[in-house]
Amino acid sequence: QKEVEQNSGPLSVPEGAIASLNCTYSDRGSQSFFWYRQYSGKSPELIMSIYSNGDKEDGRFTAQLNKASQYVSLLIRDSQPSDSATYLCAVNLISSNTGKLIFGQGTTLQVKP
Amino acid sequence: GAVVSQHPSRVICKSGTSVKIECRSLDFQATTMFWYRQFPKKSLMLMATSNEGSKATYEQGVEKDKFLINHASLTLSTLTVTSAHPEDSSFYICSAREGPGHYGYTFGSGTRLTVV
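Which chain is which? The protein sequence lines are A and B, in order.
Residue numbers for the first sequence follow my numbering, beginning at 1 and rising by one.
Residue numbers for the second sequence follow my numbering, beginning at 1 and rising by one.
So that you can see chain B by itself, here it is in the shape it has in the complex (with noise of 0.2 Å):
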């Protein structure tokens, strides 16, 4: 089945720095990717919708200067945290589709930022 690669799985940085996720379409490609965040015992909250080779659409109330969503190819998207404060400390999940007309969605494993 199709596997999504998100990594790193858990990153600790100190306030203020900026911190790279990555997440990998490793066996189809995904014009369609997904970020959510999901704060401990709540459910998960879409951040943004990047296409591949288009600008990031951001749900209202998500920071676009803050979060940074970079879609260059069809296996590969990354979220930025710039200038990451404690209050972004979360759990950043990534999704991806294949295209339209694909109903599956795939989720990486999630990455863990805690901003100290």
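In isolation and in its complexed conformation, chain A is listed as follows (with noise of 0.2 Å):
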């Protein structure tokens, strides 16, 4: 079982659509979860991040964490054509004391206008 895992995807959405991105991990102690966007050819560039269940809100983008679950999502909304980038799940494990982050396979999201 893979550490963290997302859908590749690609998760196409219309303009102005809600886009859904999903993540789980496995290991349960975890405590940092966080939403990167990569374009291609670039670093990696953080959204959010996240550290207690429930959701957090910034601007269009909402981070919901279930850690009995083992889920994170990112919601989109009001997608816009510059949203389309992979999106990048990646949790700081517990079971490492060097707070290494690992990364989900990513999701490509576009946005069609």
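The set of hints was computed from the structure by calculation and includes no laboratory data.
Treat the hints with caution; some may be incorrect.
[What the hints assert, rightly or not] Covered stretches of chain A (chain B as the covering partner; in silico rule of three or more C-beta atoms under 8 Å from a C-beta of chain B):
#: 1; segment: 37-46
#: 2; segment: 59-66
[Unchecked claim] Simulated DEER-style distance windows between Cβ atoms:
#: 3; chain 1: A; residue 1: Asn53; chain 2: B; residue 2: Ile12; range: 44 to 54 Å
#: 4; chain 1: A; residue 1: Asp27; chain 2: B; residue 2: Val3; range: 42 to 52 Å
#: 5; chain 1: A; residue 1: Glu15; chain 2: B; residue 2: Lys41; range: 42 to 52 Å
#: 6; chain 1: A; residue 1: Gln80; chain 2: B; residue 2: Ser18; range: 42 to 52 Å
#: 7; chain 1: B; residue 1: Ser54; chain 2: A; residue 2: Leu46; range: 45 to 55 Å
#: 8; chain 1: A; residue 1: Arg77; chain 2: B; residue 2: Pro40; range: 41 to 51 Å
#: 9; chain 1: B; residue 1: Val116; chain 2: A; residue 2: Lys42; range: 18 to 28 Å
#: 10; chain 1: A; residue 1: Tyr71; chain 2: B; residue 2: Pro40; range: 20 to 30 Å
#: 11; chain 1: B; residue 1: Lys42; chain 2: A; residue 2: Asn53; range: 24 to 34 Å
#: 12; chain 1: A; residue 1: Asn53; chain 2: B; residue 2: Lys20; range: 35 to 45 Å
#: 13; chain 1: B; residue 1: Gly53; chain 2: A; residue 2: Gln110; range: 41 to 51 Å
#: 14; chain 1: B; residue 1: Lys41; chain 2: A; residue 2: Glu57; range: 42 to 52 Å
#: 15; chain 1: A; residue 1: Ser12; chain 2: B; residue 2: Pro40; range: 19 to 29 Å
The beta carbon of each residue, even a glycine, is placed where N, CA and C say it ideally should be.
Join these two chains into a complex; the hints should help.
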């Protein structure tokens, strides 16, 4: 079982719709969860971080964490063509005392005008 | 915000030569830095974790003699790909965090290595 799993997609949504990206993780004791956006040929950029159960909103983005289900998601409201990118879920494994981040395989999002 | 500078951004080298990639934290002291590689359309694969002043911790399957990591100061970590071969061609990205309790991870801009 992979430590962090995402559906690779592509996920295609029309402009203005809500895009929902999902991620599951295997280490039940994980404490920190991150969503990164990566454009082709570029390094990842942080969109959201979340540490406690529930929702966290920042502009058009909402991160949701459910530790009991070992599930974290990212909602993008009013999707724009510029949101088209690969979205990477990353988890800070509690079993690692170095604080290393483990990434999922990424979900490719396509927002069609 | 925290800035990590990585260079070179692109490098082409001949097979058998060595290439050094630098990762610098510009406005904070990075006690821990991470090195990732990424193949086209794949995710980031953690190669190793380096802590200032100590040996790097390599992930399973990563050859430590091939990928030499040095973290001699709190602001600089280097990755040297030794005796590079075409299969080492990849996108290498470094990441840094300030220390325990600091949850933020800042990424460098990445280095595209092509071995011909």
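Verification of the supplied hints:
1. A count of 6 residues in the segment 37-46 of chain A with a Cβ less than 8 Å from any Cβ of chain B is obtained; the coverage claim is therefore met, three being the minimum.
2. With 0 residues having a Cβ less than 8 Å from any Cβ of chain B, the segment 59-66 of chain A misses the three-residue criterion, and the hint is violated.
3. Distance hint check: the CB atoms of Asn53 of chain A and Ile12 of chain B are about 48 Å apart, consistent with the given range 44 to 54 Å.
4. In this structure the hint that Asp27 of chain A and Val3 of chain B lie 42 to 52 Å apart at CB is violated, the actual value being about 30 Å.
5. Separated by about 24 Å at the C-beta atoms, Glu15 of chain A and Lys41 of chain B break the suggested range of 42 to 52 Å.
6. For the pair Gln80 of chain A and Ser18 of chain B, the beta carbons lie near 43 Å from each other, so the given range of 42 to 52 Å is met.
7. For Ser54 of chain B paired with Leu46 of chain A, a C-beta distance near 27 Å fails the hint of 45 to 55 Å.
8. With their beta carbons about 30 Å apart, Arg77 of chain A and Pro40 of chain B fall outside the hinted range of 41 to 51 Å.
9. For the pair Val116 of chain B and Lys42 of chain A, the beta carbons lie near 23 Å from each other, so the given range of 18 to 28 Å is met.
10. Taking 20 to 30 Å as the suggested C-beta distance range, the pair Tyr71 of chain A and Pro40 of chain B conforms, at roughly 29 Å.
11. Evaluation of the 24 to 34 Å hint for Lys42 of chain B and Asn53 of chain A yields a pass: the beta carbon distance comes to about 31 Å.
12. The hinted range of 35 to 45 Å is satisfied by Asn53 of chain A and Lys20 of chain B, whose Cβ atoms lie roughly 44 Å apart.
13. For Gly53 of chain B and Gln110 of chain A, the hinted distance range of 41 to 51 Å is satisfied, since their beta carbons lie about 45 Å from each other.
14. One distance hint, 42 to 52 Å for the beta-carbon pair Lys41 of chain B and Glu57 of chain A, is violated here, with the actual separation near 31 Å.
15. About 21 Å separates the C-beta atoms of Ser12 of chain A and Pro40 of chain B, a value consistent with the hinted range of 19 to 29 Å.
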